[in-house]
Amino acid sequence: MQLPRLLFLLTLGGLTLFFLPIRGLTTDSPLEAVRSTTNRVVLVLKAPENQGPHLREKRIKQVSEIVRPLFDRREVARRTLGVYWRDRTEEQREEFIEIFTELIEKSYGETFDKQAEKYLDQVEFLYDQETIDGNFAEVNTRIFVPSQKKHFSINYRLHQVDGQWLIYDVVVENISMVRNFRTQFYRIIGKGSYEELVRKLQAKLRQMDATRSPS
Amino acid sequence: MLKKLAVVVSIVGIVQAGFFLTGAQAQMGSAGQDEVAPQPIADPFEPFNQAMLSFNLKLDEYILHPVASGYAAILPLEARQGVGRFFHNINIAPRLGNKLLQMKLVGAGKEVGRFVINTTLGGLGFFDVADSWFGLEAGHADFGQTLAQYGISPGPYLVLPFFGPSTVRDAVGLSVDGAMQPMNYLLPTYPETITARGGWVMGNAVNFRSLNLELFENVDRFSVDLYGAVQDGYLQQRERIVQDALSEQ
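Protein chains in written order, with this note's numbering: chain F, 1 to 215; chain D, 1001 to 1249.
Looking at chain F on its own, in the form it has when it is part of the complex (with noise of 0.2 Å):
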């Protein structure tokens, strides 16, 4: 029965996903990126003025402003849509990227606000090693659980862009999320359209819009 884990696993992952905390300072090595941006994070959601469940909204926005000019959302796009980027007009894409990047924000940004509510204080992260191959470089953490002495495993996947190293993928306990969301979508445009694809997208961003939790 590894249907519980990997479930966990795959949330864990899009969580981190929404997470993303790279800023793409020209300085920064990507590492140091990784390491001063998910510090940034941490200290938004920790700051005494942000406490409260009231006050959710506002810290979902603040982290959110954090990360998401910061990272590669046309590259992610591009490599979850695989080979059926190639086929789309530009419009299509500009279209894409915006679904689905509000898909990632609406799904994670509450329940990542919820765990961070309750998990924050027990957890400890961890940097372990980056590495540079041209443009493209891997940066192992760890999120480490004291309390259950568990590690969990988070690899990002960035690439450099005008002298700027962005995310372009996260790796949660060795599930890749680019591949975990092009396995999804190959499945659905490969048995409708491209445009069913949409179609799911948008009914599930109606979904969530129509089921958001007041608190």
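The set of hints was computed from the structure by calculation and includes no laboratory data.
Note that this is a predicted model, so its numbers are computed, not measured.
Any given hint could turn out to be false.
[Claimed, not checked] No farther apart than 25 Å at their CA atoms in a straight line, the calculated lysine-lysine pairs in the DSS-like style are these:
| no. | chain 1 | residue 1 | chain 2 | residue 2 |
| --- | --- | --- | --- | --- |
| 1 | D | LYS1058 | F | LYS149 |
| 2 | F | LYS46 | F | LYS58 |
| 3 | F | LYS200 | D | LYS1058 |
| 4 | F | LYS150 | F | LYS114 |
| 5 | F | LYS46 | F | LYS106 |
| 6 | F | LYS114 | F | LYS191 |
| 7 | D | LYS1104 | F | LYS204 |
| 8 | D | LYS1058 | F | LYS150 |
| 9 | F | LYS150 | F | LYS106 |
Put chain D on the given structure of chain F with help from the hints.
Relative to chain F, chain D alone:
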């Protein structure tokens, strides 16, 4: 109902559920580029797999999760973690067998060392003193991994009832790992013992679920196509576990 289920599980003939992949440590990968895959993977058993995924989710929703919640309310977290370690410790046979089959002699020695230390000093394995006192970390080995090492490809994706995502190779591995459990041969085959064995498997499953109650409650929220998400998650993890076995000395 549980009893019935337990018997069914036993009849399926697979005793070891192999939950404990938690020995996996953070991997230092090289700078990855995750090249775009050309085509979706072949999935000839998809209709069956879909049905089994639904079955497993219902099983979890109506039985495993409620039972695990009740159990978690009674037994404190530390105790349940201890139970988890106990199950891991007692299930040494398939791990040791596979380490040997994979010619991982250091790993096999570690397994024996851990078992001896944890069974004695660790109170039947409820405490992992082999790790905390002697630095012998928990490992993982299964027959699917062993088959991979001998060049057997995974074959099509296959979702098993009760056991969840697998492949043809890993399903064979799972049953061989089950067959490596000495308990299967030491105990006589009466309905009572079959039930006890099924209960054992369920106990393991309930304990594991109780340690992971909440995070995946809204999993539908996080995937556009749940079947594909689970399938890919499983395959990616297995690829890594197989890779680990190949690179281990």
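So, going through the hints one by one against the coordinates:
no. : hint                   : verdict
1   : D:LYS1058 <-> F:LYS149 : violated, 31 Å
2   : F:LYS46 <-> F:LYS58    : holds, 13 Å
3   : F:LYS200 <-> D:LYS1058 : holds, 23 Å
4   : F:LYS150 <-> F:LYS114  : holds, 20 Å
5   : F:LYS46 <-> F:LYS106   : holds, 21 Å
6   : F:LYS114 <-> F:LYS191  : violated, 36 Å
7   : D:LYS1104 <-> F:LYS204 : violated, 47 Å
8   : D:LYS1058 <-> F:LYS150 : violated, 29 Å
9   : F:LYS150 <-> F:LYS106  : violated, 28 Å
In terms of the numbered hints stated before, the structure departs from hints 1, 6, 7, 8, 9, listed from lowest to highest.
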